[in-house]
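Participant: Kindly produce the complete structure, drawing on both the sequences and the hints.
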Amino acid sequence: MTRRDFINKLKFFILTPFFKNELLNLIVQTFRYGKNKFGMVIDISKCIGCGECVRACKEENNVPKYPFYFRTWIERYIIFEDGEVYVESPDGGFNGFKKISPPKKIAKSFFVPKLCNQCEEAPCVQVCPVGATYETDDGVVLVDKKYCIGCGYCIQACPYGARYFHPETKTPDKCTFCYHRIKKGLLPVCVLVCPQNARIFGKIDDPDSPVYKFLKSYPLQVLKSHLRTHPKVYYKDMDMEVR
Amino acid sequence: MEMEHLYEVLRSIEGFIYPNEIELRWSILIVLYPYVTGLVAGAFILASLEKVFEIRDVRPTYRLSLLTALAFLICAPLPLVFHITHPFRGFEIFLTPHLSSAMAVFGFVYIWYLMAILLIEIWLEYRKEIIEFSKINKGIKGFIYKILTLGVKEINEEIEDFDKRFGKFIAIIGIPSAILLHGYVGFIFGSVKANPWWSSVIMPVIFLFSAMVSGIALVIFIYMVLNYLKGKEPSIPCLDAMAKYLLYSIIIDFSLEMLDLVQRIYEAEEFFDMFQILIKGKLFISLFIFQILIGAILPILFLGYIRIFGSSDSAKKFTYFLVSVMVLIGIFATRWNVVIGGQLFSKSLRGLTIYKLGLIGREGIYASMGLLFLPFLILLFLIWLLPPYEKERRV
Chain A
1 MTRRDFINKL KFFILTPFFK NELLNLIVQT FRYGKNKFGM VIDISKCIGC GECVRACKEE
61 NNVPKYPFYF RTWIERYIIF EDGEVYVESP DGGFNGFKKI SPPKKIAKSF FVPKLCNQCE
121 EAPCVQVCPV GATYETDDGV VLVDKKYCIG CGYCIQACPY GARYFHPETK TPDKCTFCYH
181 RIKKGLLPVC VLVCPQNARI FGKIDDPDSP VYKFLKSYPL QVLKSHLRTH PKVYYKDMDM
241 EVR
Chain B
1 MEMEHLYEVL RSIEGFIYPN EIELRWSILI VLYPYVTGLV AGAFILASLE KVFEIRDVRP
61 TYRLSLLTAL AFLICAPLPL VFHITHPFRG FEIFLTPHLS SAMAVFGFVY IWYLMAILLI
121 EIWLEYRKEI IEFSKINKGI KGFIYKILTL GVKEINEEIE DFDKRFGKFI AIIGIPSAIL
181 LHGYVGFIFG SVKANPWWSS VIMPVIFLFS AMVSGIALVI FIYMVLNYLK GKEPSIPCLD
241 AMAKYLLYSI IIDFSLEMLD LVQRIYEAEE FFDMFQILIK GKLFISLFIF QILIGAILPI
301 LFLGYIRIFG SSDSAKKFTY FLVSVMVLIG IFATRWNVVI GGQLFSKSLR GLTIYKLGLI
361 GREGIYASMG LLFLPFLILL FLIWLLPPYE KERRV
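In order, the protein sequences belong to chains A and B. Yeah, the first sequence ends on 243 if you go by our numbering, and it's all consecutive. Yeah, the second sequence ends on 395 if you go by our numbering, and it's all consecutive.
In short, the hints are calculated from the structure, not lab data. Among these hints, one or two may not hold up.
Stated by the list, open to error - Simulated pairs of lysine-lysine, DSBU-like, Cα-Cα distance not exceeding 35 Å:
(1) A/K9 x B/K193
(2) B/K193 x A/K146
(3) B/K164 x A/K58
(4) A/K145 x B/K356
(5) A/K236 x A/K58
(6) A/K170 x B/K164
(7) A/K65 x B/K164
(8) B/K164 x B/K244
Facilitator: Rendered as structure tokens:
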């Protein structure tokens, strides 16, 4: 619960005799805190780098079409026999990836879709001077565009480069797991359009959720775990070169 | 226009960077912010040498240091206000601060320092004269003095004595406050764990000592320029004393910076490959030439030579002036290397972006130079209102 929520809910305590239901609700919600959160698993071995998710995301969320602004993007890793690593993300993978004819032999190559990691201990939430970036009860980190002062501290604090500065609202913007969709029971648009089912979405502690099943069945990794941000985006089959 | 600029940056990228990192968010204005704040803290600590530690040699610059600190402190938040894209919501930092944010708490540290320390100390120092000035001056100037007296028309020895003791008390709590002010700015950068160039426990301490270095250099610079403009001779014992403390501060600051550098090189963590490319490439001139050579090694050599072997007064004056300018440039480079240097590499640690400094616009060179020049104008006004020299103080 954020401070703002707490103060909002405090008035229900004061008016307890008149608002029993709200009070009960509050108690239920308080005890459910830390649970019932959304998460995503990305199965790297399935991603073909088609860019469908990037295009759909830009369309759905009014992300500027320029190649400097992404809520989600795809990186291609090429690891050569001699150990050299080549990484690219032309236009964030918006137009897919071109076939390349490298000068030397490739050992392995794979695509890594990236997005906001919806960290449990989000550095962006911690550093926002006015609390315009906050975490919802269901674990999604959102930006209040009408409250943000535009200092850009959150962009500096994000270890994943998941935030960009929206040229129209003049505030930072980032992936919200398509919050407007998931609250209606729909899937985030990138999950919906992925032809490979490389993105799996759901509640991380609901036994019926596909994410829960993945978390319990496979070895998974998160990005930059040493920073203790506790991401809720998990990667399956992730190579050690991915950062 | 903006997009063309970004396309140009896109073409200059080396290696791989996250696509959202093409736009470098914190510009020269954020370089100015710790620079100006550091000058404030440094100038104030210099003033405290006289007030708290009773080092009489620096007495001629006591008032000047306080006024300098005030002039720069008034301007310290301006780069931030210029930089944030919704400046009219900026006051929310004070009204609804998010207390886990280093930046939010800075607002309160700033207000505390301005209202509880600096203004009170200056007012107590000048109180007697303000009352006298309010009686002999007419017109706007007299009116300003009347407001500044806060309605007190007479002052006796008892009150004067109290003012002196209370002023000393304020100066004493002012030292940790000044340390807090600038150490805190260092913490704003040093606490960003996402950025290995910034994330360092020693960052606030380095900021603090570099603040003292730049603040003392600034007061030497202003003191000498003011004397030159008035056609007067600056006090050599005073300059010697300031130069002595400048030398000590530079040595401590430089040692800490080198400790940080050596530690990073010796530990050679994940960030090390990028670190090497950065300091040998894009930051080479601003780091090795400006920050280390011009900002530290040469000043240490020059000031050290004078301290050990002595020299004539005119040579001293020339050297002190030269060193003060070199140090001011060097510390600016230090801030540049922290703020801009920390954004030049990708957090993927696989590539570099570039920073193109424009001439015009809110974050261009002209605006920045204006912001850097403004405190000097404010200082001139303050000197006009509250003369800092012994001779002029006698009414």
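Participant: Give a verdict on every hint.
Facilitator: Now for the hints, and whether the structure bears them out:
1. A/K9 x B/K193: holds, 33 Å
2. B/K193 x A/K146: Cα-Cα ~27 Å, so holds.
3. B/K164 x A/K58: It is violated: about 65 Å lies between the C-alpha atoms, which goes past 35 Å.
4. A/K145 x B/K356: The hint holds at about 28 Å.
5. A/K236 x A/K58: holds, 25 Å
6. A/K170 x B/K164: Not satisfied, since the Cα-Cα distance of roughly 50 Å exceeds 35 Å.
7. A/K65 x B/K164: Roughly 65 Å separates the two Cα atoms, so the pair is violated.
8. B/K164 x B/K244: holds, 27 Å
In terms of the numbered hints stated before, the structure departs from hints 3, 6 and 7, listed from lowest to highest.
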